[in-house]
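Chemist: Residue strings, one per chain:
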Amino acid sequence: MTSASAAGFCFRLVRRQLVLGLRRPVDLGNPLLFFAMVVALFPLGLGPAPDTLADFAPGILWIVALLSNLLTSDAVFRSDLEDGSLEQLLLAPQPLYFSALAYVLAHWLLTGLLLGLASPVFALMLGLAPAAIPALAFSLLLGTAVLSLIGGIGGALTVGLKRGGMLISLLILPFYMPVLIFGSSAVQAALNGTPAGPYLAILGALLCISIALAPMAIAAGLRISVDT
Amino acid sequence: MLRARELGLERGGRQLFSGIELELERGQLVQVEGANGAGKTSLLRILAGLSRYGFSGSVERFTPQLFLGHQSAVKGLLTPRENLAWHVAGEAGFSAEAIDAALAAVNLYGYEDVPSHALSAGQHRRVNLARLFLTRAPLWLLDEPFTAIDRTGVAVLEARLLAHLQHGGGVLLTSHQPVAVAYPLLRLDLATGALQ
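Chains as they are written, first to last, in this note's numbering: chain A, 335 to 562; chain B, 6 to 201.
Read the hints as simulated data drawn from the structure, not as lab findings.
Hints may contain errors.
Pair ranges (Cβ atoms, derived) [claimed, not checked]:
hint, chain 1, residue 1, chain 2, residue 2, range
1, A, Phe432, B, Gly42, 33 to 39 Å
2, A, Pro532, B, Leu82, 39 to 45 Å
3, B, Arg141, A, Ala340, 14 to 20 Å
4, A, Arg349, B, Asn112, 53 to 59 Å
5, B, Glu30, A, Ala554, 32 to 38 Å
6, B, Leu82, A, Ala340, 54 to 60 Å
7, A, Ala465, B, His75, 39 to 45 Å
8, A, Phe432, B, Glu102, 25 to 31 Å
9, B, Arg31, A, Phe432, 55 to 61 Å
10, A, Ala374, B, Gly13, 29 to 35 Å
Note that the coordinates shown come from a computational prediction; the quantities given were computed from them, not determined experimentally.
Where a beta carbon is used, it is the ideal one built from N, C-alpha and C, also for glycine.
Please model the entire structure based on the sequences and the hints provided.
Modeler: Right, here's the structure in full:
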């Protein structure tokens with residue numbers, strides 16, 4: 335029996351996930367809406383003084399991005415486990431490593447990419463200096479990809495559980511911390527007029543190591559979750 | 006095509022089955038029998054390789070397999086055509102015509118482009134079973150393939166099973182209904198482990 339090439343299979347998997355995502359625009363809009371609402375809450379809590387808000391803006395934007403990613407990681411594999419698609423994926427002859435990577439890529443395209451592209455608007459809502467906006471957008475684009483990979487591990491491990499929401503936070507939030515630290519530092523550096531490049535480079539390095547390791551953990555997590 | 010030795014499974018402190026010996030040859034049709042909760046689905050999942058831990062014994066697989074479980078793996082947001090195209094994406098080279106022909110074979114002609122959430126449970130099942138008209142896997146592991154399917158659908162399915170067996174394929178299935186295929190049928194009784 336001839337089997338399809340891993341690359342072709344992954345391409346079809348990404349396309350399938352994107353089609354599914356685009357046919358449910360609500361799922362696409364939810365993380366962005368969540369982001370907008372939480373960002374809108376901060377002026378109410380901290381007071382509307384533009385200076386205070388601008389000071390906190392890098393941290394706020396990064397923490398909200400992290401939470402919005404956490405919110406969606408839970409659902410990456412859920413519907414596929416419930417309808418049996420996941421067990422068919424596990425039985426496919428193609429390596430699960432690449433399939434896991436394809437799932438995460440599709441998740442990032444539908445969440446992190448949109449968030450990174452929309453982030454300048456949210457930055458202006460908080461009065462972030464325009465000079466820091468490119469650093470914010472780049473750090474979010476790089477960082478959310480790492481978050482999606484780590485979140486995929488949590489999603490794969492908790493997909494078999496009825497209420498995985500709390501557990502997934504406990505599992506993956508500690509691994510989110512380096513991304514948060516270097517992501518917000520990049521924006522802070524750009525604000526202070528120092529180069530953001532080194533921080534972005536570290537985010538890039540985190541992305542490389544996550545691409546290498548996270549799909550293995552996701553694949554193992556999926557096998558455990560399906561093996562009931 | 007498949008060899009299982011000394012298979013045993015314990016779930017929740019109860020021994021579901023033990024000492025199952027199974028050697029499936031080309032052109033064999035095996036029906037796994039047992040009451041509800043006897044472990045038929047668990048056995049199929051072990052044989053398919055979905056359950057890797059928690060059982061005793063060993064399984065050797067010599068040919069590619071097709072496993073169809075209880076769940077139809079049909080996405081409501083995709084059309085039957087898109088669903089089936091994804092189901093067979095792991096095997097290379099199926100033309101759009103071949104996929105449409107498979108859908109026609111399970112009487113889904115005219116439904117190819119309807120979103121699957123508008124279809125019934127039986128039609129979801131048919132989308133799933135359309136795979137049998139495309140796959141090149143020689144060994145089929147089918148868990149309750151006749152569930153939710155009407156009488157004409159069952160006849161279509163039985164004809165497909167017969168054709169597959171006559172071409173040297175192997176089929177292992179669970180079913181609570183009698184399998185009316187004009188072909189020698191081996192029965193595997195999970196309670197005793199006897200194959201006859």
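Chemist: All the hints need checking, so say for each whether the structure fits it.
Modeler: These are the hints, each one checked on the structure:
1. Phe432/A with Gly42/B: 33 to 39 Å: Check passed, 38 Å falls within 33 to 39 Å.
2. Pro532/A with Leu82/B: 39 to 45 Å: Between Pro532/A and Leu82/B, where Cβ atoms are some 43 Å apart, the hint holds.
3. Arg141/B with Ala340/A: 14 to 20 Å: Given range 14 to 20 Å: holds, Cβ gap about 18 Å.
4. Arg349/A with Asn112/B: 53 to 59 Å: Check failed, 28 Å falls outside 53 to 59 Å.
5. Glu30/B with Ala554/A: 32 to 38 Å: holds (34 Å)
6. Leu82/B with Ala340/A: 54 to 60 Å: violated (25 Å)
7. Ala465/A with His75/B: 39 to 45 Å: Hint violated: Cβ distance 58 Å, outside 39 to 45 Å.
8. Phe432/A with Glu102/B: 25 to 31 Å: holds (29 Å)
9. Arg31/B with Phe432/A: 55 to 61 Å: violated (32 Å)
10. Ala374/A with Gly13/B: 29 to 35 Å: violated (60 Å)
In summary, the numbered hints that this structure violates are 4, 6, 7, 9, 10.
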